Amino acid sequence: AQSVTQLDSQVPVFEEAPVELRCNYSSSVSVYLFWYVQYPNQGLQLLLKYLSGSTLVKGINGFEAEFNKSQTSFHLRKPSVHISDTAEYFCAVSFVSSGSARQLTFGSGTQLTVLP
Amino acid sequence: DAMVIQNPRYQVTQFGKPVTLSCSQTLNHNVMYWYQQKSSQAPKLLFHYYDKDFNNEADTPDNFQSRRPNTSFCFLDIRSPGLGDAAMYLCATSRSRDSFEKLFFGSGTQLSVL
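Going down the list, the sequences are from chains E and W. Heads up: the first sequence runs through residues 1 to 116, numbered per the numbering used here. Heads up: the second sequence runs through residues 1001 to 1114, numbered per the numbering used here.
I should point out that these hints are in silico values taken from the structure, not numbers from a laboratory. Among the hints, a few may not be true.
[Said to hold, decoys possible] Below, a sample of chain E positions facing chain W; criterion: calculated Cβ distance under 7 Å:
id: 1; residue: Q42
id: 2; residue: G43
id: 3; residue: L48
id: 4; residue: F106
[Claimed, not checked] Each computed DSS-like pair below joins lysine-lysine, with the alpha-carbon atoms no more than 25 Å apart:
id: 5; chain 1: W; residue 1: K1038; chain 2: W; residue 2: K1017
id: 6; chain 1: W; residue 1: K1017; chain 2: W; residue 2: K1044
id: 7; chain 1: W; residue 1: K1102; chain 2: E; residue 2: K49
id: 8; chain 1: W; residue 1: K1044; chain 2: E; residue 2: K49
id: 9; chain 1: W; residue 1: K1102; chain 2: W; residue 2: K1017
id: 10; chain 1: E; residue 1: K58; chain 2: E; residue 2: K69
id: 11; chain 1: W; residue 1: K1102; chain 2: W; residue 2: K1044
id: 12; chain 1: E; residue 1: K49; chain 2: E; residue 2: K69
id: 13; chain 1: E; residue 1: K58; chain 2: W; residue 2: K1102
id: 14; chain 1: E; residue 1: K69; chain 2: W; residue 2: K1102
id: 15; chain 1: W; residue 1: K1052; chain 2: W; residue 2: K1102
Since we're looking at a predicted model, the values are computed, not measured. The C-beta atom is built at its ideal place from N, Cα and C for all residues, glycine as well.
Can you make the complete structure from the sequences, with help from the hints?
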């Protein structure tokens, strides 16, 4: 079965501290990996994506993520967070198939709260 | 310069009263999606249009319909809203249906059912 798991529903962290948001997936086919961010009362916005090549991917706002194929993980990291990073973060996996329709599955989300 | 625009931002309807949510895009993208997002849950794909071709997800209730009169506009119709349909409805677009394409989201319409 193909699935996406975000292990932490809530992550509180102090301002300027590092943070890691975890994402694991299960798939029998190749995958493309995405992180989206949702600020309060807004739609989702792409942070970064992994398609191929270097397993370390850099995104907007100082975020980066590392694809680990053996552990089927795509954890999101930032070395120093700001108050403005407070938002819901969604990991999403696109399962590559030969069919005409894409299959994009979102994780259940992690609420990052940055405390002053 | 918003690229995916959803109106209204908040919509209140009565139990069983039909409601329509709208989405427009200035990106000229071929694909438009409708997602349902309930509180503290992941967005769930309801259906998508690839150009004029409508693609329904297997578990989308018949109560939900969609129309795409032209490239720029897409509508979500809920024929008889129930209390369980209260949610944020997100419209998204992409250039193609390729698995690597990113999605561009609107700000969503928060639907309340009284």
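E:K49 and E:K69: Cα distance at most 25 Å? Answer holds: E:K49 to E:K69 is near 15 Å, not above 25 Å.
Under the criterion that the straight-line Cα-Cα distance not exceed 25 Å, is the pair E:K58, W:K1102 satisfied? Holds, because 15 Å separates the two Cα atoms, which is no more than 25 Å.
Should the interface hint for E:F106 be scored as holding, given a Cβ-Cβ cut-off of 7 Å against chain W? It holds, given that the least Cβ distance between E:F106 and chain W is near 4 Å, below 7 Å.
Next pair to validate is W:K1102 with E:K49; report whether the Cα-Cα distance is within 25 Å. holds (8 Å)
Next pair to validate is W:K1052 with W:K1102; report whether the Cα-Cα distance is within 25 Å. Holds, at about 20 Å.
Hinted pair E:K58 and E:K69, Cα distance within 25 Å: holds (17 Å)
What's the verdict on E:K69 and W:K1102, does the C-alpha distance respect the 25 Å limit or exceed it? OK: E:K69 and W:K1102 at ~21 Å, within 25 Å.
Is W:K1102 close enough to W:K1044, meaning Cα to Cα at most 25 Å? Distance of about 16 Å is within 25 Å: holds.
Cut-off 7 Å, beta-carbon criterion: hint that E:Q42 touches chain W: Because about 5 Å separates E:Q42 from the closest Cβ in chain W, which is inside the 7 Å limit, the hint holds.
Given pair status - W:K1017, W:K1102, alpha carbons within 25 Å: Roughly 35 Å between the alpha carbons, so the hint for W:K1102 and W:K1017 is violated.
Does the interface hint hold: is E:G43 within less than 7 Å of chain W, judged Cβ to Cβ? At 3 Å from the nearest chain W Cβ, E:G43 passes the 7 Å test, so the hint holds.
Check whether the Cα positions of W:K1044 and E:K49 lie no farther apart than 25 Å. holds (20 Å)
Violated hints, in rising order: 3, 9; the structure is consistent with all others.
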